[in-house]
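From just these sequences and the hints, can you work out the full model?
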Amino acid sequence: MSKSSKKDKKGCGLLGFAIFWTLFSSIFLVLGIKSTYDAIHRSQWPEVDCTVTHFRVSTRSSDDPPFQPKARFTYEWQGQSYTGDQVWAKKKGEEDYEDLAELIEQHHAGELDRCYVNPDDPSEAVLLAKGDDLWGGIIFALVGGLFVAIGIGLIFTDRMAKKQESAALSSKKTKNNDAPLTILVPFFSLFGLAGLGIFFFLVVPSAKKYIDAQGWVETPAKVIWSRVRSHSSDDGTTYSVDIFYRYNFDGRVYKSNNEGIMSGSSSSGRSSKAAKVKEHPPGKEITCYVNPEKPWQAMLSRELGWSALFALFPLPFIAVGVGGLWYTLRKHAREKGASNQSSPYRKKSRNIRHRVALRDAGGAGESSASRPDPLTFSPASSRRKSFLGVLVFALFWNGLVSVFVTIAVKSWLRDDPEWFLTIFIIPFVLVGLGALIYCFTRFLAMFSPAASLLLKPGAVPLGGQATVTWKLKGNADRIQHYAIYLVGEEEAQYQRGTDTVTAHETFYEEELLETKDPRKIRRGTVEIDLSKQRDIMPSWKGAHNRIKWSLQVRGKLSLWPDIKDRYDIDVLPLDISTPS
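Numbered per full-length UniProt numbering, the sequence shown spans residues 1 to 580.
A portion of the hints provided could be inaccurate.
In silico lysine to aspartate or glutamate, DMTMM-like type, Cα no more than 20 Å apart, as pairs [claimed, not checked]: (1) K548 with D517; (2) K471 with D535; (3) K471 with D568; (4) K255 with D113; (5) K255 with E510; (6) K294 with D96; (7) K548 with D562; (8) K70 with E98; (9) K90 with E124; (10) K70 with D38; (11) K208 with E303; (12) K284 with E218; (13) K456 with D562; (14) K520 with D477; (15) K273 with D477; (16) K34 with D63; (17) K130 with D113; (18) K92 with E124; (19) K294 with E218; (20) K541 with D570; (21) K548 with E511; (22) K209 with E293; (23) K556 with D529; (24) K532 with D562; (25) K209 with D373; (26) K564 with D477; (27) K130 with D85; (28) K532 with E509; (29) K255 with E105; (30) K410 with E509; (31) K255 with D477.
Estimated spans, in silico, between C-beta atoms of each pair [unchecked claim]: (32) L413 with G136: 38 to 44 Å; (33) L315 with Q106: 25 to 31 Å; (34) T287 with P119: 46 to 52 Å; (35) R566 with D517: 22 to 28 Å; (36) H332 with T441: 34 to 40 Å; (37) F313 with D121: 49 to 55 Å; (38) G136 with K294: 22 to 28 Å; (39) P205 with F393: 25 to 31 Å; (40) K532 with L312: 37 to 43 Å.
The set of hints was computed from the structure by calculation and includes no laboratory data. Here the structure is a predicted model, which means the values were calculated and not measured. Ideal placement from N, C-alpha and C gives every residue a C-beta, glycine not left out.
Right under this line is the structure:
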């Protein structure tokens, strides 16, 4: 089979997958839009006065859901009387009693006196027109829309991109990156929105609830029922504890099945849940904590426990989403503003190549005859920035992990160890320790012997010479081996199918100095001679390609972080008037 036919089949495979992905994702988009439309339509139903003649909550553990409100109310629409019995339009009840407790309070206070009438069918009315299905529909539509956008991006990419053949780095054909952008932006947006949604709608409310609960009143309670609830999904079956209890507060009886801060969460492993249910049989006297401002709100435990680890869950999504979007858009803006000229590296004629390089580098007035001012380089700033960057990460990471370490340590001190939490946080603790160790090495590196370099002239001309003078600050006797290199590197970006590949290659490396003699390490001067190096490339930056030059200082120290300093420099193009 020919290579072209193989490519065609592969291209058809990608296109077919992209079309299937888009069509399948559009189902979620359509369902989300419909659910959102229905919720918005219901929220616009006219509000009228009504009289609630009956309202109670049925509490049966055998029902699904176990807490179902039973209501009866009368209302008038356009002069005609109607009777309604629906609290919501789309659901029968709740899994959590607390979600209905506020309705009960409104009924007791006589405030449940408004209902919403369907103008298209006045016999249909509900006590609550706004529900969670609005946000559920919006989220469903957003996720479906982002997946559809990814599919469209794949289709667009398949039409625009061609597979690159393996070749030398400089011969890779560069392309416009707009096609991958149509994939990366929806992809990273999906991650970022998911993480931010979990953080603001779950983590932040849970944290606020935890803080508020510390002031709740300890109150006696009695268990009505206790059971293990199972939750089936495509990923398997998970289990949660459901303890329903009653308590008295300010002369009134209240009920709740709220267990704690993260009440309602489920996980695999039935035995631990069954053990907890066994500890809370019906009729057992227990203690709960009641919100004095809203007595219908209560919980059995106001400690976070290992469930606090959930706060870490959205962080990778936020980091990948926001970081990926920032990097992608910044990179795209930088490339869009850069020169769109083709790379000059593929030119066969040496003179033509240098003319193009001279033009693209903006070096028409920077021939080898020009003498830029000398440049001085010092590692102090870069070493300090490296240390501060690692320090900020280490403090943030370990500060976050310390919350869960404290919970785990307290559990061991009270002889009730949290085994799952302890095992779970081990890798996070190891990462934190590694960050602290690396931070310490970066701190020590700031005090390593530092060489101040003077490049004269301030840019190295092709076909010419320059000098590097160094003076070491610090004890040269500590350095076992010292070297200075002139390094040229090529960086190229190109398309490989739907991927944007960034490749690096060192095309030039010259050892300017290599010594173990402390006298030579302390100070000296070396020459950079590029008078015979006419085939190498000057500093250059295009839309997708770049030539970078640097002076790199390396030093080996005993029992101390090694010296690794890099200073970017410019190598000027060869004067086109220079004979070849």
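Evaluated hints:
Our distance criterion of 20 Å between C-alpha atoms is broken by K548 and D517, whose separation comes to about 30 Å. In summary, the hint linking K471 to D535 is not supported, as the alpha carbons are separated by about 32 Å, beyond the 20 Å threshold. A C-alpha spacing of about 18 Å is found between K471 and D568, which places the hinted pair at or below 20 Å, so the restraint holds. Restraint check: the Cα-Cα separation between K255 and D113 comes to about 23 Å, which exceeds 20 Å; the hinted pair is violated.
Distance restraint check for K255 and E510: the Cα-Cα separation of roughly 80 Å exceeds the 20 Å cut-off, and the hinted pair is therefore not satisfied. Among the hinted pairs, K294 with D96 is consistent with the structure: their alpha-carbon atoms are about 16 Å apart, no more than 20 Å. Note on K548 and D562: the hinted pairing is violated, with a Cα-Cα distance of about 24 Å set against a maximum of 20 Å. For the hint pairing K70 with E98, the CA-to-CA distance comes to about 16 Å; that is within 20 Å, so the pair holds.
Proposed proximity of K90 and E124 is supported: the alpha carbons are some 12 Å apart, at most 20 Å. Between K70 and D38 the CA atoms are separated by roughly 24 Å; this puts the pair beyond 20 Å, and the hint is violated. Restraint check: the Cα-Cα separation between K208 and E303 comes to about 13 Å, which is no more than 20 Å; the hinted pair holds. Among the hinted pairs, K284 with E218 is consistent with the structure: their alpha-carbon atoms are about 16 Å apart, no more than 20 Å.
Using a Cα cut-off of 20 Å, the hinted pair K456 and D562 is violated, with the two alpha carbons roughly 27 Å apart. Of the pairs offered as hints, the one joining K520 and D477 holds, with about 11 Å between alpha carbons and a cut-off of 20 Å not exceeded. Taking the CA atoms of K273 and D477, the gap is near 66 Å; set against the 20 Å cutoff, the hint is violated. At roughly 29 Å between alpha-carbon atoms, K34 and D63 are farther apart than 20 Å, so this suggested pair is violated.
The straight-line distance between the Cα atoms of K130 and D113 is roughly 16 Å, inside the 20 Å bound, and the hint therefore holds. Taking the CA atoms of K92 and E124, the gap is near 15 Å; set against the 20 Å cutoff, the hint holds. At most 20 Å may separate the alpha-carbon atoms for a hinted pair to count; K294 and E218 meet this at roughly 14 Å. About 11 Å separates the Cα atoms of K541 and D570, which keeps this hinted pair within 20 Å; it holds.
The straight-line distance between the Cα atoms of K548 and E511 is roughly 17 Å, inside the 20 Å bound, and the hint therefore holds. A threshold of 20 Å between alpha carbons decides the hint, and for K209 with E293 the separation of about 13 Å falls inside it, so the pair holds. For the given pair, K556 sits about 26 Å from D529 by alpha-carbon distance, which is inconsistent with the 20 Å threshold. With a C-alpha separation of about 33 Å, the suggested pairing of K532 with D562 is violated against the 20 Å cut-off.
Taking the CA atoms of K209 and D373, the gap is near 63 Å; set against the 20 Å cutoff, the hint is violated. Only pairs whose Cα atoms come within 20 Å are accepted, and K564 paired with D477 is accepted, the gap being roughly 17 Å. Restraint check for K130 and D85: the C-alpha separation of about 16 Å stays at or below 20 Å, so the hint holds. About 15 Å separates the Cα atoms of K532 and E509, which keeps this hinted pair within 20 Å; it holds.
With a C-alpha separation of about 12 Å, the suggested pair K255 and E105 falls inside the 20 Å cut-off, and the hint holds. Proposed proximity of K410 and E509 is contradicted: the alpha carbons are some 57 Å apart, above 20 Å. In summary, the hint linking K255 to D477 is not supported, as the alpha carbons are separated by about 78 Å, beyond the 20 Å threshold. Look at L413 against G136: about 43 Å separates their beta carbons, and that is inside 38 to 44 Å.
Range check, L315 to Q106: about 39 Å between beta-carbon atoms, so the 25 to 31 Å window is missed. Range check, T287 to P119: Cβ separation about 50 Å, and the 46 to 52 Å hint holds. The hinted range of 22 to 28 Å is satisfied by R566 and D517, whose Cβ atoms lie roughly 24 Å apart. H332 and T441 have their C-beta atoms about 35 Å apart, which keeps the hinted 34 to 40 Å range intact.
For the pair F313 and D121, the supplied restraint of 49 to 55 Å is violated, since their beta-carbon distance comes to about 43 Å. Between G136 and K294 the beta carbon distance is about 25 Å. The supplied range of 22 to 28 Å therefore holds. Distance hint check for P205 and F393: the Cβ-Cβ separation is about 28 Å, which falls inside the suggested range of 25 to 31 Å. Take K532 and L312: their Cβ atoms lie about 58 Å apart, and the range 37 to 43 Å is violated.
In summary, the structure is inconsistent with hints 1, 2, 4, 5, 7, 10, 13, 15, 16, 23, 24, 25, 30, 31, 33, 37 and 40 from the numbered list given earlier, while agreeing with the others.
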